[in-house]
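Student: Respectively, the protein sequence lines represent chains Z and U. Numbering of the first sequence is given in our numbering, commencing with residue -6 and proceeding in unit increments. Numbering of the second sequence is given in our numbering, commencing with residue 1142 and proceeding in unit increments.
Because the hints were derived from the structure by calculation, they are not lab data. Every residue, glycine too, gets a C-beta built ideally from N, C-alpha and C. Fair warning: there could be bad hints in the mix.
To be verified - Over the 12 Å line for every Cβ pair with chain Z, so calculated as not near, a few chain U residues:
1. 1147
2. 1166
3. 1189
4. 1204
5. 1209
6. 1222
7. 1263
8. 1265
9. 1269
To be verified - Distance windows between CB atoms, simulated:
10. Z:492 <-> U:1260: 46 to 56 Å
11. U:1229 <-> Z:113: 33 to 43 Å
12. Z:488 <-> U:1199: 47 to 57 Å
13. U:1199 <-> Z:62: 47 to 57 Å
14. Z:442 <-> U:1199: 44 to 54 Å
15. U:1150 <-> Z:73: 34 to 44 Å
16. U:1229 <-> Z:492: 12 to 22 Å
17. U:1162 <-> Z:484: 31 to 41 Å
18. U:1209 <-> Z:120: 25 to 35 Å
19. U:1229 <-> Z:441: 43 to 53 Å
20. Z:327 <-> U:1162: 26 to 36 Å
21. Z:207 <-> U:1155: 16 to 26 Å
22. U:1199 <-> Z:113: 25 to 35 Å
Spelled out from the first residue to the last, the chains are:
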Amino acid sequence: MSDGEARARVGNVGNGFAYEEPLLFERSRPGRVGCSLPRLDVPEVDAHATLPEGALRDDLPDLPELSEVEVVRHFTRISTWNASVDLGLYPLGSCTMKYNPKLNEKVARLPGFACAHPLQPVELLQGFLHLAYELERHLAEISGMDRVSLQPAAGAQGELAGIMMIRAYFEHRGQRRSRILVPDSAHGTNPSSAALNGYEVVAVPSGEDGILHPDAIEALMTPDVAALMLTNPNTLGLFESNIARITEIVHARGGLVYGDGANLNALLGIARPGDLGTDVMHFNLHKTFSTPHGGGGPGAGPIGVKNTLAPYLPVPVVCRRDGAGYDLDYDFPRSIGRLHANFGNVAMAVRAYAYLRSLGPDGLRRCAEMAVLNANYLLARLRPAYHVPYDRPVMHECVLSDQRLESTGVTTIDVAKRLIDYGYHPPTIYFPLIVHGALMIEPTESESIEGLDRFVEALLAIEREARENPDLVRSAPHHTRRSRLDETRAARRPVLRWQPEDG
Amino acid sequence: MADYEIPDDLRYSEEDEWARLEDDCVVFGITDYAQQQLGDIVFVELPQVGDRFAKGDAFGVVESVKAVSDVYAPISGEVVSVNEDLADRPELVNADCYGSGWLCIIRPGDEAELESLLDAKAYRIYVEERSEPDQ
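In isolation and in its complexed conformation, chain Z is listed as follows (with noise of 0.2 Å):
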């Protein structure tokens, strides 16, 4: 018998300690149990007696029944399958998978926030409304807004706020807009947001050097359109150099600016959007200020705005009573409502609240640099091998594209494949838009150059392969328990869950 034979014979290893694992419904036996109840100590109450038919039914529904520690065992051997920005670099472009201290953790499991429960009395829930009050302060410092909501749930939720915000400023004013200008190298969420809003999204021409021009906004900034959507860096990486004029443009005729801010970790203590001429934007805790992404999550959106929309933010809002403390604000009678259940995702803004603490002003200037200095060594690094389709001093992300490989038959998709062999998650790719086979590289400043040059081996070693051999480079993964997936038919075909084999 040989080894893997022998292996296979045992039958839940995989690699060693890198397990294979079934679902928990393959490992389902019947009539085992992971706890066992106590005694029932009440009178027993027969249920057809009281509840309503509807409510009753015949047959318990199909869930597994496992013991504890084979459930324990489950999610610990699943958990190891994971990608995490803890176990290396996760360089996903406009994500800022930046590092997420420990010590927020641990701020953030204090029992007066953790354990704390949204429905007590706001008297008792006087720690939390004071670092509410000042995290927004916080945020309206760093962009130079002047209000802050931390309700949205995540950055698409902000950004459906925002624009609810600009729909019911110029309701308000009996003003009928009815187009948003989105920039063709826009996050898809931007022209969602507009369209969920029932607004017609006007598709702005990047320029040749891929930022915007004044006289493209010009041309498109008709009496009719309400905002322009506008990612500063861009998705590119590059800096709108054109920001102030063009913001401009678009307040002369009546019209406001809407930042998306995905990418402000670039700008922190260098550049404010406020003072650029944004008046609404939003935050991304999860990925400026360091709170878990992905499914470390739930993410968190804060909003800010200029003086001209805090009328219409959504309530309530945290406010200071002289004397009194903190208090929840209602009467906001132009606002857009609630977003969210209770005071937004909390723990997230907690997190957020000691990154800023723990860094300062000077340390939260020096991640952008250090940011923009990384970006710009990989490009460094990687121009000789890789085409750059708009090589400038770029900010926080670098986008390259697989132009020069086109002779080996290696595609975007291949690289992102093989770079996982290396023991990295892929950057963002096909995105943006703009740029064909696009790879969108973002280091964020918590790579070491010694990280960040492995990683610049990995990816000069794979074009090196997709030279001299491409079949190993179009066939990987090669290290991972399953190789390529047929993405096509899991997109055309999903199984989205489990079924019983007799059912």
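The hints should help you fit chain U onto chain Z, whose structure is shown.
Tutor: Same frame as chain Z, now just chain U:
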């Protein structure tokens, strides 16, 4: 440059759709260039019969493993039929974009608009221009 099929008897838009006059209606879909650029198509969203569109309006969505793209009406008119097979078999757009992968049939508001579209020769030049390396 990769090889793209561009039939001589069709008209083309700059948004990479093809159009063909059949009786008094126009059938259209996306071109071979468009489907190759998009890669494997996994979902197609089409308008309802009876919807009206102006030339250049977004009237549907084609989603591939790489990207989600709007499809624009190459000429104005009213939708008289949509390719319902694509709901279950979006891959037809990859396999046969000029045949069974058609998207919509519209009754044109102004047949002259068809004349404003590119012919096969002009469209081939347009595709080749975009396939040139940037530098």
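Student: Give a verdict on every hint.
Tutor: Consistency of the hints with the structure:
Interface exclusion of residue 1147 of chain U from chain Z stands, the closest Cβ pair being 19 Å apart, more than 12 Å. For residue 1166 of chain U, the shortest C-beta to C-beta distance to chain Z comes to about 27 Å, beyond the 12 Å cut-off, and the non-interface label holds. For residue 1189 of chain U, the condition that its CB be more than 12 Å from all CB atoms of chain Z holds, with the nearest at approximately 18 Å. For residue 1204 of chain U, the non-interface assignment is contradicted: its Cβ lies about 8 Å from the closest Cβ of chain Z, within the 12 Å cut-off.
With a least CB separation of 7 Å from chain Z, residue 1209 of chain U falls inside the 12 Å interface cut-off, contrary to its annotation. In this structure residue 1222 of chain U is separated from chain Z by more than 12 Å, as the shortest Cβ-Cβ distance comes to about 23 Å. The beta carbon of residue 1263 of chain U is kept farther than 12 Å from every beta carbon of chain Z, the shortest such distance being approximately 21 Å. Against chain Z, the non-interface label of residue 1265 of chain U holds: every CB pair exceeds 12 Å, the least being about 19 Å.
The claim that residue 1269 of chain U is not at the interface with chain Z holds, since no C-beta of that chain comes within 12 Å of its own (minimum 15 Å). Between residue 492 of chain Z and residue 1260 of chain U the C-beta distance comes to about 52 Å, which sits within the given range of 46 to 56 Å. At roughly 52 Å, the beta-carbon separation of residue 1229 of chain U and residue 113 of chain Z lies outside the given 33 to 43 Å, and the hint is violated. The beta-carbon spacing between residue 488 of chain Z and residue 1199 of chain U, approximately 31 Å, falls outside the hinted interval of 47 to 57 Å.
About 54 Å separates the C-beta atoms of residue 1199 of chain U and residue 62 of chain Z, a value consistent with the hinted range of 47 to 57 Å. A hinted range of 44 to 54 Å for the beta carbons of residue 442 of chain Z and residue 1199 of chain U is consistent with their spacing of about 46 Å. A C-beta distance of roughly 58 Å is found between residue 1150 of chain U and residue 73 of chain Z, which places it outside the suggested range of 34 to 44 Å. Hint check: residue 1229 of chain U to residue 492 of chain Z, Cβ distance near 20 Å, so the stated range 12 to 22 Å holds.
One distance hint, 31 to 41 Å for the beta-carbon pair residue 1162 of chain U and residue 484 of chain Z, holds here, with the actual separation near 34 Å. The beta-carbon spacing between residue 1209 of chain U and residue 120 of chain Z, approximately 44 Å, falls outside the hinted interval of 25 to 35 Å. As the Cβ distance of residue 1229 of chain U to residue 441 of chain Z is approximately 51 Å, the hint placing it in 43 to 53 Å holds. Judged by the Cβ atoms, the range 26 to 36 Å given for residue 327 of chain Z and residue 1162 of chain U is violated: they are separated by roughly 53 Å.
Take residue 207 of chain Z and residue 1155 of chain U: their Cβ atoms lie about 25 Å apart, and the range 16 to 26 Å holds. The hinted range of 25 to 35 Å is not satisfied by residue 1199 of chain U and residue 113 of chain Z, whose Cβ atoms lie roughly 48 Å apart.
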